Every structure is written in C-alpha cells, then in structure tokens.
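Could you put together the complete structure from these sequences and hints?
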Amino acid sequence: MIRIMFICHGNICRSPMAESVCTEMIRRRGWEKYVFVSSAAAHTDEIGNPPHRGTRDKLEREGIPLVPHRAVLLTAKDGERYDYLIGMDAANVRDIARIVSPADAGKIYRLLDFTSSPRSIADPWYTGNFDATYSDIVEGCTALLDRLAPQVEQLKRAKTEG
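The sequence shown begins at 181 in this note's numbering and counts up by one.
Don't take every hint at face value.
[Stated by the list, open to error] For each label pair, taking beta carbons as the anchor points, the in silico distance ranges come out as:
{"id": "1", "residue 1": "ALA338", "residue 2": "ARG278", "range": "33 to 41 Å"}
{"id": "2", "residue 1": "SER297", "residue 2": "GLY210", "range": "23 to 31 Å"}
{"id": "3", "residue 1": "ASP225", "residue 2": "ALA256", "range": "17 to 25 Å"}
{"id": "4", "residue 1": "ARG241", "residue 2": "ALA271", "range": "24 to 32 Å"}
{"id": "5", "residue 1": "GLU240", "residue 2": "PRO282", "range": "16 to 24 Å"}
{"id": "6", "residue 1": "ARG241", "residue 2": "ALA283", "range": "35 to 43 Å"}
{"id": "7", "residue 1": "SER297", "residue 2": "ALA338", "range": "29 to 37 Å"}
{"id": "8", "residue 1": "GLU333", "residue 2": "ASP225", "range": "26 to 34 Å"}
{"id": "9", "residue 1": "ARG233", "residue 2": "GLU333", "range": "37 to 45 Å"}
{"id": "10", "residue 1": "ALA302", "residue 2": "THR322", "range": "17 to 25 Å"}
None of these hints come from the bench; they were simulated from the model. In this text, all values refer to a predicted model and were calculated from it rather than measured experimentally. Glycine residues also receive a C-beta, built at the ideal position from the N, C-alpha and C atoms.
This is the structure:
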C-alpha cells in the first residue's frame, strides 16, 4: 500500500481539503486497496479543531465528501509510516523536515511539485480564496496520482499473482 500524508500549518484548510479531494479521486479510480491518504498539522495552533468552514463549504459545492477529520499534529513516527509527506508550501516543507527524521527527508514534497508548474499553494486562512486553493489541490492531486499509477499497477499485479 502507498501511504500519503498531506501537511499544512494547522490541518484545517489545505491539508484536509487535499485529503478529501485525493480520497475521492482514489475512490473514483478504484484504488482504495492500494493508496491510503491522511493529513496532519505542522503546528499546534488548531489541534482538535474541525476543518475550516471555507474548506467544508468549498468541498460541498464541488460534491466532494469531507473526510471525517479533526486536526492532528505531524509526528516523527509519521515520517516512518508514510511514503509521501506532502506540504502545501515551502514553510510546510521546512516544518516537516524539522519534525521527521533526516532518514525520511526524501519523502518530503510540495503538492504542486508533481505538476508541470511547481509552486506553493496559498493558505486560504489568509487569502480567503478557497476556490484558488481547491483548483491548485485538484491539479496537484491529479498529477500525484498520475505519477503513482505505475506503482499502483504493480501492486494490483502482485495482488492477482500472489
């Protein structure tokens, strides 16, 4: 199984949006047995809180089910458990690297690094623009899953051969 964790500052806006969007994309591809997605915060500001109203409202408008969620803190153990530790911006990437073991540094990416236009995803907590955040997340999750497709196919073949 491929394990992905999305990380943002507080785990109430971008990362739970990415978790929900990616989970739905995985469901639509029929990959639930092969890819697991979660999310976490790099800071303690929002621990225990539900996703931001803007995230909830945007996902509802787009018909994307919100994954049941309360903000949790990224841990060093997560670095060991997950194959991909995906931040939304350069600050998240620095925070992830500070939290996980140096041995897990090769697992750290920004979500839009998987696209043809690598860049950060702006935090809608500050911008108020959940539409732009959603568009960037859809672009990033699509590119990420396209990149993972060969690995998923290998997992499928291994399962049918085993």
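Hints versus structure:
Restraint check, ALA338 to ARG278: a C-beta distance of roughly 35 Å satisfies the suggested window 33 to 41 Å. Checked against the hint of 23 to 31 Å, the C-beta distance between SER297 and GLY210 comes to roughly 28 Å, which is consistent with it. The supplied range of 17 to 25 Å is met by ASP225 and ALA256, whose beta-carbon atoms lie about 19 Å from each other. Our hint of 24 to 32 Å for ARG241 and ALA271 holds, since their Cβ atoms are close to 28 Å apart.
Distance hint check for GLU240 and PRO282: the Cβ-Cβ separation is about 40 Å, which falls outside the suggested range of 16 to 24 Å. The hinted window of 35 to 43 Å between ARG241 and ALA283 holds, with their beta carbons roughly 41 Å apart. Evaluation of the 29 to 37 Å hint for SER297 and ALA338 yields a pass: the beta carbon distance comes to about 33 Å. Take GLU333 and ASP225: their Cβ atoms lie about 40 Å apart, and the range 26 to 34 Å is violated.
Judged by the Cβ atoms, the range 37 to 45 Å given for ARG233 and GLU333 holds: they are separated by roughly 39 Å. At about 18 Å, the CB distance of ALA302 to THR322 agrees with the hint of 17 to 25 Å.
When the structure is compared with the earlier hints, violations turn up for hints 5 and 8 and for no others.
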